Amino acid sequence: MELKIDKVTKQFKDLKAVKDVDLNFTPGIWGLLGPNGAGKTTLMRMMVGNLRPSRGEIYFDGDTIHSLGGEYLERIGYLPQHFGYDKNQSVEDFLHYIGSLKGIDKATRHKRIADLLEQFNLSDVKSKKIDKLSGGMKRRVGICQAMLNNPDILIVDEPTAGLDIEERRNFRQYLTAISKDKIVILSTHIVSDVEFIANYLILMEDGAIIESGECNTLINSIDGMIFETVVEDEEMKILEQKYCIVNFHNEGDGKVRIRYISKLPLKNSKLMKPDLNDYYLSKVRGAK
Amino acid sequence: MDIFISELKRQMNVKRFISYILISIILGGLWAWFIIGGRTEGFMMTGCYKGLKGMEAIEAAAKDRNVYAGKMTTNNFQRGSEVLLDSAKGKGDESEIIMNDELLKLEVYADTLVTQSFRLSRMSGESYPKFPWFSRDFGSHFYENEELYYQNLIDTSTKNQAEKELALKTWNKVEKPYTYYGGFEVWRDGVEHIQMFGFVLLIIVSFFASGIIARDKECGLDEIISTTSEGRRGLLFAKLFIPVIMGFLIYTAGMGTYIAILKHFLPANALETSIQVCCGATILPYNLGELMDKMVLFGLIGTLTISAFTTFVSSKVNKTSTAMSIIVLIIISGFLLSMGLDDSPILKTMSLIMPGSLAFSGAEFGTVQVVSVFGKAMMSLKFHLFISMLIFFISLIMISWNYVRR
Amino acid sequence: MLFLEMKRRLCSKYTLFSVIGILIITVGLNLIIVEDQKDIAVSLQEEAVYEGDIKEENLLLSLKKVRDEKSEDRRYTSQAFIIGGLTHNYPGILYTENKIEDYPDKYAAEFYQCWRNKFKVLLKRLPTKEQKSALTKLNEVKIPFAQYPGYYLYYTALENMQVIFIIIIFLVTFFASGAYSDSFEDESMEIITTTKAYKKNMMIRILPVIFYGILLTIIAVLGTVGMISSVVGFKALKTSYKMISLFSFGNLSIGQAIMIMMLAEIIGVFALSTLMGCFSFKTKKTTTAIGIGVSMNVFFMIGSRLVPSSASFMKYLLNAIPMASSYVLSSMNGFSICFGIWEPYAIILEVSAVSLVALGQLLGLLNSGTDT
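Protein chains in written order, with the numbering used here: chain A, 1 to 288; chain B, 1 to 406; chain C, 1 to 372.
Looking at chain A on its own, in the form it has when it is part of the complex:
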């Protein structure tokens, strides 16, 4: 199973939201990371067929998704950034509604919905109106609807926006649990969302792909370049211009502990193990 994005560009009047993107998705969790306005949502909307590329094509197992039409849509699940629902519908009604639109017959739908509600801890609120649920629960309903047709490709756009730490952790767990043999594409600007669960990483900025590849390989590419040291407060301004500082902590008495990326460390620096946050900031800033 392969989802291929071939030199895709999307132009909105005078704004190029996505520029010549080439990607090849295979089963696993793909984290699509980038700052706000990087073009993640536009790319995802093209992947689900809601937007048509201005240039380039998107292929699923060799055929363009537009030529596949319904056949392709049967195999995808999508949770948009702004999860829309009918305020008057209960959780169960809503899932039945979307299920019918996904062409799932009634009997299968009943079973599938019961399973999903159970899996996502929503059984107790199935008769409640979605509008009355908490943000986390709403998101879970969102992922349930995306999973109704047991899709091969699951595309979720900023699924954790507005959720608390616990809900975000739960959400990551759900995604991990359902990701087996599927292509899961998760877009976010929150590094920790993908850090522990993504197998692959795509870094986007200004509509273009900066880096992509296996998560660990990418992180390891900056191994030996992450250091921590304590500096004087007044040195900060100069250091900020010279180094890519990824984190700092005020130590008191005019001292600041900084974490920075550099091939040549400052004196008294301690070598640290790199993480995704370091990698992300090194690339995004580097691109600038």
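Don't read these hints as lab results, they were simulated from the structure.
Computed from a predicted model, the values in this text were never measured in an experiment.
Hints are not guaranteed to be accurate.
What the hints assert, rightly or not - Capping the alpha-carbon separation at 25 Å, the derived lysine to aspartate or glutamate pairs in DMTMM-like fashion look like this:
| no. | chain 1 | residue 1 | chain 2 | residue 2 |
| --- | --- | --- | --- | --- |
| 1 | B | Lys348 | C | Asp36 |
| 2 | A | Lys132 | C | Glu190 |
| 3 | B | Lys169 | B | Glu147 |
To be verified - On the chain C side, residues computed to face chain B include the following (Cβ under 8 Å):
| no. | residue |
| --- | --- |
| 4 | Asn89 |
| 5 | Pro91 |
| 6 | Thr96 |
| 7 | Asp102 |
| 8 | Pro104 |
| 9 | Val163 |
| 10 | Ile166 |
| 11 | Thr286 |
| 12 | Val294 |
| 13 | Gly303 |
| 14 | Leu317 |
C-beta: ideal position from N, C-alpha, C; glycine also.
Assemble chains B and C onto chain A, guided by the hints.
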């Protein structure tokens, strides 16, 4: 079918469905009560039936008027003219009618004769008739005078030979002698109000239909719908026909209640009254019952047209409130134009093409309403009906195009 | 802040389209009137002979010329047309002649007396308790009336203006319905309520709506007056309103009548904006607010057609609905009395009172804060 039912359940959830239908039924009931309950009867400011209101007045007047009800023969007209002239006392502006039993029974004849004498004077440009309004034998020439008046009306109201021939053909189909049964006056009011009530129902239907597609876009659900395998294509049938079904139900519930109450309380045979007797000058060969059926039907088609057109607007805009505003403006414009803004042909044409305006086509049942379309004469009503059906189908096609296109 | 709020609400497609829409309707409707008057220049010159005060001796001369000598000179026919008002308005009452050949000299020689006589007969149609004040109003009418060439174009122009005013009221209803609810719907109210100038912002939110309504009204009025005046000149505005509606009270000129229509509309816009502001704030949903506003307007439109002019309570209720202000022309053409005053003024007073009550209610709501 599964999708249709799912969408139907979503759009017509119990609370929403009941509130729309209930509002229509309540309005229908109130409207009928307004027509019947507020009814008073009288004749030429004589004060007869004074103090009676509602059904009491209707029944008392109908009882008197039914003595000479049925076919309105020339003999009865002649008798009516004699009795009316004999009942008058005084001279010139000081004259007044002294009501008596016989005049009460012949009221309809007397009233029709006075109306005819006014019409004839207006037609010939003579002064308005003062008491005595006509000569003693005026009643015996009633149908001759009718023929004279309508021939003249057709001559002055048609623009070419084809229109004139069609108008004459239609007028010749009018059954003579005319017929009447007591109670037709209140029925006439009831029928006239069909388009007013229809206007209100149209607004209600437009409120329902304006969110049918726009609301999905507004809340973001459309983004999900369009990524499902059945998607918008699968939903299309439901989106096309749920507003039409709901329009049908709202109209049927509201207008049905209204008509049912009128039918329950008012005398049924009064519907056999010729519309020439009760609804002003017209060449259409209908009785009051047929006129009512036609107006209800036209109201229904107007409602279905506005349902389809509202759905089209809803598919074009992104906000329910925008769709609502546009449709209300269109309905109001159609209503104002139909209610006689001007005689300008441009405005008349605009009133014909306004979606839903068929529901306000009551005026087209009056006088001589013939139009020429590409040299062919046709009744204005038929043309209006054709335009309305055209708007209905074009709206459905445009919705399909807009909604399914990705 | 006011400027920013104005900019936020008024610099929108909705405002642009409604301004263009009203302009097109105004120009379109008046074009139909003006187009029919291609050869009016010669007629205007002829009519100008007797412009100014309408004198009975001129009327008599004109009547004799048209009736006896069959003159078709516009200077005479225009005067005979004025005499025709006695019979053609409320036909069949007191004066019943339908053709000018049948008009007696009296109609011209004693035009004002005949007019007063017929008016007195008409006043008997009013409920008894209103007849006394109506008679006083009649006695306050000053004669002679005045007429200037081309005034008759205002017959249709004023009716058209009334239709445009009705449309404006609906546009204001839609525009005002989102004054507060839009912010509840997009949840920006959550932020606004925490700002220092929250109350001030809430209070000025109604101003763009009022400005919008006034702007559309001015476009409609200036468009109409401009287009008609381009054909007949501004003098026609000095014509007595009696030439538009012979049996009406007051001593208005057409220009003053237009000003009253405009004033009423502006007061209506003010009342409607504040009232809709209350609905918008209370319901927190734009569609619900539109629903209420439209229902209120439709209630007036239907009610005013159904309720007879003498039915007091219902009439007072209807006249308190802001939409009544758009129908001031209809009541200016008549002689109905409400609260002892002529109906158009009564409507203005009632709608003003409603606007003040609505404003008080709105301020109360704004002060009580939100529960978002």
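Here's how the hints hold up against the structure:
1. Lys348(B) <-> Asp36(C): holds (16 Å)
2. Lys132(A) <-> Glu190(C): holds (18 Å)
3. Lys169(B) <-> Glu147(B): holds (13 Å)
4. Asn89: Not OK, violated: Asn89(C) not within 8 Å of chain B, min 13 Å.
5. Pro91: holds (6 Å)
6. Thr96: Since chain B brings a Cβ to about 4 Å from Thr96(C), closer than 8 Å, the hint holds.
7. Asp102: holds (5 Å)
8. Pro104: Interface hint status for Pro104(C): violated (11 Å vs cutoff 8 Å).
9. Val163: holds (6 Å)
10. Ile166: OK, holds: Ile166(C) within 8 Å of chain B, min 7 Å.
11. Thr286: Hint on Thr286(C): holds, closest Cβ of chain B at ~4 Å, below 8 Å.
12. Val294: For Val294(C), the interface hint holds, since the closest Cβ of chain B sits about 5 Å away, which is under 8 Å.
13. Gly303: violated (10 Å)
14. Leu317: This interface hint is violated because 15 Å lies over the 8 Å limit.
Going down the numbered hints, you'll see the structure goes against 4, 8, 13, 14, while the others check out.
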